[in-house]
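There are 2 protein chains.
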Amino acid sequence: MDQLLRVQNFTVSRDGFGAGEGQSQERPFGHADPMDLMAWAVATASFPNRTGPGGSRGLDDYFTRDFAHGIGAEIMGRNKFGPQRGPWQDHEWQGWWGAEPPFHTPVFVMTHHPRPSFTLADTTFHFVDGDPATVLGLAREAAQGRDVRLGGGATTVRQFLDADLVDTLHVAVAPVELGSGTRLWSSPDELLDRYHRNVVPSPSGVVHHLFWRR
Amino acid sequence: MDQLLRVQNFTVSRDGFGAGEGQSQERPFGHADPMDLMAWAVATASFPNRTGPGGSRGLDDYFTRDFAHGIGAEIMGRNKFGPQRGPWQDHEWQGWWGAEPPFHTPVFVMTHHPRPSFTLADTTFHFVDGDPATVLGLAREAAQGRDVRLGGGATTVRQFLDADLVDTLHVAVAPVELGSGTRLWSSPDELLDRYHRNVVPSPSGVVHHLFWRR
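If you read the protein sequences in the order shown, they are chains A and B. For the first sequence, the numbering used here gives the first residue as 3, with consecutive numbering after it. For the second sequence, the numbering used here gives the first residue as 3, with consecutive numbering after it.
No lab work stands behind these hints, which were simulated from the structure alone. Ideal Cβ placement from N, Cα and C applies to all residues, glycine included. Hints may be right or wrong, so weigh each one.
One-sided excerpt, in silico: chain A residues whose CB lies under 10 Å from chain B [what the hints assert, rightly or not]:
#1 Pro55
#2 Gly72
#3 Leu193
#4 Asp195
#5 His198
#6 His210
Reference listing, derived: stretches of chain B covered by chain A, where coverage requires no fewer than 3 residues with Cβ under 8 Å from a Cβ of chain A [what the hints assert, rightly or not]:
#7 82-92
#8 175-185
Chain A on its own, in the form it takes in the complex:
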């Protein structure tokens, strides 16, 4: 089996932004309301951060259910880990993901400012300064034959797309306009020269775009 690099459940606004402007520790999505983007996923039975019972088991649930399936490592940009820019002031803060992060695999955080690895529950965060191909090599090795998830944000997905390293992308387009922020694309049609695509509207209001290599 191929060992794929997969973007999963990545949500953008109708105008192509994965997050708004003005990210801070209190506002990981900047001026965007996270629920405007993530409500479709939060409502499903298989949402990775779900703590209680219930939730829908329709179309959207197939996407959240697939989040960890066959995945052995995640790659994320530094600002999916935390809001800091530049050198770390300290290593005390351990990211937005709580004491039990939803990844359950090694996570490779891309940053020009490495810091020591650490483990929270069954997730180990590694901080690596390297180009996309190098970081993907590390993540592939850690995944031990399973696929690698490219977790975002938009800037990081964009870097891997530009390096032509992404095998499949699932992007949910949410029914909201952000106007500014970190941009994934001007239009999803940009990828059609390299990828097949299915466009699947969901009753929840998002439109799932599923891309796989030609």
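Fit chain B to the given chain A structure using the hints.
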């Protein structure tokens, strides 16, 4: 987590038949052409019986990819195992599923004519005479906390629906009319009093119906 009874990737004709008339060893789907029903699944990268590389990774692939995910046992009707009716003439023939069946779990074959269990690769077939609730109890125990797949055919799915034992159903409606055969429903709307539903047309031509309990 709940231990669900799930129907997955079960395909029927537009007029509600899971198979045609006149089943035989050579024609498991009777007068129906299996490819008219199953082409959508066979084309995907994750089709359980795929032997070579390739295949699509769009919407339909999410369904075939989910086939084994979280499943610990399967229940099937006798005529998904083989074409025989009445008492077994011998036990030599070991079903339609080849030396490496795609189930990889215990399989409970419902029949009024039990025969000894046997194992092919990592699939063990058990033959049980019991009502749906009894067979589900056995399958749940064998699944060790994982979900149970209700594999079909249409008559068997119907029995479990009538006993109100099915938690989720994914039925793909294929663009073909069979006219006669084993019937799942007169209309998918029959289930709306008990289930939520998403209706999701696929570019492949099938329409996925996703039901989960109200």
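Item to check | Hints that the structure is at odds with (numbers, increasing) | outcome: 3, 4, 7, 8
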